[in-house]
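*Asks:* Position in the sequence shown (first residue = 1) + 10 = our numbering.
Everything labelled a hint here was simulated from the structure, so no lab data went into it.
Bear in mind the structure is a predicted one, so any value in this text is a computation, not a measurement.
Each residue gets a CB set at the ideal place from its N, CA and C atoms; glycine is no exception.
Each statement offered as a hint is correct.
Below, simulated DSBU-like cross-link-like pairs (lysine-lysine); rule was C-alpha separation at most 30 Å, straight line:
no. : residue 1 : residue 2
1   : 50        : 65
2   : 65        : 195
3   : 50        : 69
4   : 210       : 54
5   : 218       : 195
6   : 54        : 216
7   : 210       : 195
8   : 65        : 210
9   : 66        : 50
10  : 65        : 54
11  : 218       : 50
12  : 218       : 66
13  : 65        : 218
Beta-carbon label-pair distances, calculated as ranges:
no. : residue 1 : residue 2 : range
14  : 12        : 122       : 33 to 39 Å
15  : 190       : 12        : 39 to 45 Å
16  : 60        : 32        : 29 to 35 Å
17  : 176       : 13        : 21 to 27 Å
18  : 69        : 165       : 28 to 34 Å
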Amino acid sequence: MGRYLLQQSLAGLRLVDSFSHQHPLLIDFGDAGFSYRLRKGGGKAEHVARAIGAKKDLKVLDCTAGLGRDAVLLASLGCQVTMLERSNVLAMLLRDALERASHDPDLAGIVSRLTLLRDDSIRYLTHGNPQFDAILIDPMFPSRRKTAQVKGEMQFLQRFIGKDQDVSQLISAAQATGCRRIVVKRPLESASTNDYPAGKPSHSVKGKSSQFDVYLSSL
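Using the sequences and the accompanying hints, generate a full structural model.
*Replies:* Shown next as structure tokens:
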């Protein structure tokens with residue numbers, strides 16, 4: 011038996027780590043914490059929303075869908091978001107979560123503005139002729155400090171997916187599209203412009219533990 015198992019539960023599709031006592035990973039956009047964030051959170055004041063310049067009908071490409079929360083938050087503000095996820099298992103979990111959310115009256119309108127594609131972002135950017143107003147990249151960077159541990163769902167996700175080792179190529183592929191706004195989320199501990207070829211950002215939106223670097227193009 012493998013370490014990771016996909017299980018269909020009453021709550022939805024979930025991923026179980028049989029080597030850990032941690033709760034299974036189940037993506038639920040209707041959970042209490044995230045629902046509160048959507049209803050009474052910062053809205054356009056959210057860091058990702060400010061960095062993207064969220065507004066109605068803005069076309070956004072989320073190159074690293076992950077747990078999907080940034081994409082859902084942007085869609086709640088009227089953005090049309092295309093989500094890319096290269097992990098087949100994670101894409102299945104996301105698709106199941108989106109299907110459940112489509113039957114929730116509070117979420118149906120939001121998820122109708124989301125499109126999920128199971129694809130490699132570098133391949134999509136290089137060969138897909140993408141046309142977007144903004145591109146979001148939120149990779150899992152290797153931590154530089156042994157004490158810097160992510161918690162909960164992100165810890166599970168990082169353990170299952172691993173670190174993104176092709177961040178530089180992904181950012182270069184995004185820049186090559188000529189998109190006018192590229193946003194890269196990074197942990198504050200590794201916020202050095204020497205880590206990848208994007209250079210100095212036009213500006214950054216900083217939070218307590220991470221920042222969104224914004225690259226604006228005049229093309």
